Structure formats: structure tokens, C-alpha cells
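K.L.:
The whole structure should be built from the sequences, with the hints applied where relevant.
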Amino acid sequence: MKNLTRSSLFILFTLILMYCKPMKPEGEGVTGTVTWLEGNQMPGIIDEDSETEKNPKGVGVKRTLLIYPLTNVADTKNENGLFTSVSGKPVTTIETEEDGSYHLQLAPGRYSVFTKEENGLFANIFDGDGNIQPITIKENEWNLLDIIINYKAVF
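All residue numbers in the sequence shown are consecutive under this note's numbering, ending with 297.
Source of the hints: derived by calculation from the structure; they are not laboratory data. Computed from a predicted structure; not experimentally measured. A portion of the hints provided could be inaccurate.
Straight line, CA to CA, 30 angstroms or less: simulated DSBU-like cross-link-like pairs of lysine-lysine [to be verified]:
#1 K294 <-> K258
#2 K280 <-> K204
#3 K219 <-> K258
#4 K199 <-> K258
#5 K231 <-> K258
#6 K219 <-> K294
#7 K231 <-> K294
#8 K280 <-> K231
#9 K199 <-> K219
#10 K231 <-> K204
#11 K280 <-> K258
#12 K204 <-> K219
#13 K231 <-> K219
#14 K199 <-> K294
#15 K258 <-> K204
#16 K294 <-> K204
The following label-pair restraints were derived from C-beta to C-beta distances [said to hold, decoys possible]:
#17 T206 <-> T278: 16 to 26 angstroms
#18 I236 <-> M184: 29 to 39 angstroms
#19 V296 <-> F268: 16 to 26 angstroms
#20 Q247 <-> G186: 39 to 49 angstroms
#21 A249 <-> G186: 38 to 48 angstroms
#22 Q183 <-> G230: 29 to 39 angstroms
#23 A295 <-> E237: 16 to 26 angstroms
#24 G186 <-> S229: 34 to 44 angstroms
#25 S227 <-> G251: 19 to 29 angstroms
#26 P250 <-> T147: 49 to 59 angstroms
#27 A249 <-> K199: 27 to 37 angstroms
Virtual Cβ for every residue (Gly too), placed ideally from N, Cα, C.
P.N.:
Structure below.
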């Protein structure tokens, strides 16, 4: 009787596992983390007496993300590593969480993603055609876009 109960439980458990699918978020969009990186990022000898901590991966940071239709460098003005003018208007904006994480549903299409900084907008990824921080959203597909804000870092 014990073996029959164990066998039944094993079969039931196996059937449940076979028919369970991992949960997939519905729709489409972009998700990721925004990270702040600043200071000297050059490799070197660590001074144990130094009070400054070096974090080569940066820290998650709260920011406003602005999603524009796909934008080319020719359609912007840039000063000191920040975009001071972008032609067109954002499709949407979103505030990241305190740790920099975000999750944004977007309609299928091609977009440029900027972070809002004190003196302008930031993006540091370009494709071969001069498009700024390009991302392509396809139907029923989520894209991962981790953004590292590093205009105050030295490499």
C-alpha cells in the first residue's frame, strides 16, 4: 500500500511538472537596470588605507528614462557627453526604482533610450548608422537593456 501511494504521488508530481510552463510576461517591451559609474576606473594597486571605495560595476541608481522614436546623432546637439537637444518628443517616460531596475511595456517598433541627467540627456550606445541607444521591440518579446551612465568615469 505504501508503494502504491508513493508511486501515485510520484506520477502526479511528474504530470504537474510536465504541464507547468514558466511564467512569461505578456506583451512586449524593455526591462533592465540603470547603473551609475564615476571616478577613476583604471586598473591599479588598491591602497588598503584609502577611504574611497572603487566599485567597477557601479551602483544602481534612480533615473528618468525617456523613450524617443529611433533617433540619429544628426538630429541632436551634444555638449560635454550629454545631449542638450533632441528633435522630436519622447514617446513615453518612466522612473526607475531606487535600485535602478525598470520594466516598461512598449508597442513593437524601433526606439532610442536616454536617461535624464542634470545638464541634459545621456546615452552611450550607437549602431553603425549613428542611431542612439537603439532598441527594437518585437511582438510578444521582452528586451533586456542595462544602461551604464559613465560620463563622469575615467578609463
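K.L.:
Under the criterion that the straight-line Cα-Cα distance not exceed 30 angstroms, is the pair K280, K258 satisfied?
P.N.:
The given pair, whose Cα atoms are some 25 angstroms apart, holds under the 30 angstroms limit.
K.L.:
For the range 27 to 37 angstroms, tell me whether the beta carbons of A249 and K199 fit it or not.
P.N.:
Distance hint for A249, K199 holds at roughly 32 angstroms.
K.L.:
Below or equal to 30 angstroms on CA atoms is what counts here, so check K280 against K231.
P.N.:
With Cα atoms ~22 angstroms apart, K280 and K231 stay inside 30 angstroms; holds.
K.L.:
Do the beta carbons of I236 and M184 sit within 29 to 39 angstroms of each other?
P.N.:
With Cβ atoms ~34 angstroms apart, the hint holds.
K.L.:
Given the range 16 to 26 angstroms, decide if the beta-carbon distance of A295 to E237 lies inside it.
P.N.:
23 angstroms, holds
K.L.:
Holds or violated: are the alpha carbons of K231 and K258 at most 30 angstroms from each other?
P.N.:
Satisfied, since the Cα-Cα distance of roughly 14 angstroms is no more than 30 angstroms.
K.L.:
Regarding the pair K219 and K258, is the alpha-carbon distance no greater than 30 angstroms?
P.N.:
It holds: about 15 angstroms lies between the C-alpha atoms, which stays within 30 angstroms.
K.L.:
I want to verify a distance hint. Is the separation of the beta carbons of Q183 and G230 within 29 to 39 angstroms?
P.N.:
33 angstroms, holds
K.L.:
Holds or violated: are the alpha carbons of K280 and K204 at most 30 angstroms from each other?
P.N.:
27 angstroms, holds
K.L.:
Keeping to a limit of 30 angstroms between CA atoms, is the pair of K231 and K219 held or broken?
P.N.:
15 angstroms, holds
K.L.:
Against the 30 angstroms threshold, does the CA-CA distance of K294 and K204 hold or violate the hint?
P.N.:
Status holds; Cα separation ~16 angstroms.
K.L.:
Would the hint linking K231 and K294 be met if the CA-CA limit is 30 angstroms?
P.N.:
At roughly 26 angstroms apart (the allowed maximum being 30 angstroms), K294 and K231 satisfy the hint.
No hint from the list above goes unmet by this structure.
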